[in-house]
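Student: Listed below, chain by chain, are the residues.
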Amino acid sequence: MLRLENVRKRFGDQEILKGIDLVIENGEVVVIIGPSGSGKTTLLRCLNFLVRADEGNLWIHDRKVNLAAADRKTILEVRRSTAFVFQNYNLFRNKTVLDNVTLGLIKGRGTARGRAEEIATAALEQVGMKKFMARYPNTLSGGQQQRVGIARAVALNPDIILFDEPTSALDPEMVGEVLDVMKGLAGDGTTMLIVTHEISFAREAADQVIFIDEGVVAEKGQAEEVLAHPREERTKRFLRRLLPDSAA
Amino acid sequence: MGKLFDFDFLLEAFPKILRYLPVTLEITFVAMIIGLVLGLGIALSEIHNIPVCKQLGQGYVAFIRGTPLMVLIYLTYFGIPLMLESLNRRFGTGFNTNAIPPLAYAFVALGLNDAAFNSVAIRSAIEAVDKREIEAAHSIGMTALQTFKRVIAPQALIIAVPNLGNQIIGLIKGTSLAFTVSVIDIMASARIQGSRGMRFVEVYIDVAVIYWVVCFLTGKCAALIERRLRRSELTAPDEKTLEKNDIYERNV
Ligand SMILES: Nc1ncnc2c1ncn2[C@@H]1O[C@H](COP(=O)(O)OP(=O)(O)OP(=O)(O)O)[C@@H](O)[C@H]1O
Ligand SMILES: [Mg+2]
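Chains as they are written, first to last, in my numbering: chain D, 7 to 254; chain S, 5 to 256.
Source of the hints: derived by calculation from the structure; they are not laboratory data.
Heads up, the beta-carbon is just placed ideally off N, CA and C, and yes, glycines get one too.
One or more hints might be untrue.
[What the hints assert, rightly or not] Pair by pair, the computed Cβ-Cβ distance ranges are:
no., chain 1, residue 1, chain 2, residue 2, range
1, S, A132, D, E31, 39 to 49 Å
2, D, E238, S, A66, 54 to 64 Å
3, S, V75, D, S42, 50 to 60 Å
4, S, D134, D, D194, 24 to 34 Å
[Said to hold, decoys possible] Residues from chain D that face chain S, not an exhaustive set, calculated with beta carbons under 7 Å:
no., residue
5, L56
6, F90
7, F98
8, G110
9, G114
Let's have the full structure, built from the sequences with the hints guiding it.
Tutor: Right, here's the structure in full:
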């Protein structure tokens, strides 16, 4: 189980996260939705210390980590039990696909190269990118790059994978291949926290949906419940804008 | 009346001048190492905002940028013995300032000069590395040092190579001032040959040709290195051959 408690973050005089709480069970897929600028990315980044929260706690492995005050060693430990899939893939451009995936294993986890390559090959196979493992990222399509990004995260076998709008930068015809990979992971019981605007994906794959608006959790619950029968007015408005022709 | 231009003299002097090329190359090499190490240090202290070091570095770069190389050479030539002498007086140390070989002044002056310009090139190269890749490295649990070694440095190097190549070419040309502190390099040797035969155009053509060839080759080397480093941005290996062999080339 992973739990966030009272996460707060301000940039300048703007309060972006105003005390976020959430609980993610092992094997659960949690989707975060919300308007642009509501703080979704900031929340994921705080969890992984890419941004330093002003306040808040993270429970991971029954261990309490202070997001605002953790030391370097703790940060490294949290990062080594989580993984991040970025909107713009963020692959290492000077490394082959295989090396992109093994780097975290070898350097971050201290895995021996041979073993790391086995794990990486399996992860690439899982996302359908094994035959591209000698390629460099800039020779791949966006969808292929993002699948490598997912393999890089999966190979680390983290407690949770954080996805920040993994399909937003993709051409529409490539969105499906990435979502399919993610559905596969969900089926395998991977714990995932996903920020996305893909409502139909959320409906299909998510256990829990959280609607964040202006830095607070405005509504949360079972995916079907929140997406099909939202209680809050702002959730309804958001979903109506996202799916103009839906009944929501 | 004698000849205006003596081509035979030019040819005879050439090997005599060329014999001192190793000295020129030695100054270049040592000053380059000093320049790279110190330049990297200054660049890192600025990027990481290390107090005191950063300000010292910035002041240093500003000072060097506004100081002609010739002045810097004289400053080291006269300044270093002065400093050592004052240490001798204050602490009773026994530095023998006369024992300092002229080459040492050339190393120091050119190295210090090079460091300032390198630091600018190195810093902008490091800052040009995509921040998103750095975040990705952090997200997979790499330490700051690992990130620097594996992600930042290799890419910054590619970006910096053309600039550093030009820097080295400047350095090679700068060594031609070392004769002012009585280093015998190709320039000094040309001057000696010239006054011996009272023919100067000939020897300076010789020395110009040598500088030109060395700089040309240096430029070629830099371009070659850059191309090799950039191979990751070249086209992908042929899919078919890959599948057939089921092997992959590794960038070691
Ligand atoms: N490093 C930063 N410095 C200053 N302001 C920032 C920074 N990062 C984010 N913000 C601000 O915080 C707010 C929330 O940003 P965030 O990226 O978390 O939103 P989001 O919910 O992910 O939006 P989107 O759906 O557009 O990705 C925005 O107003 C943004 O301008
Ligand atoms: Mg975002």
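Student: Tell me, in ascending order, the numbers of any earlier hints that this structure violates.
Tutor: Per hint list: zero violations.
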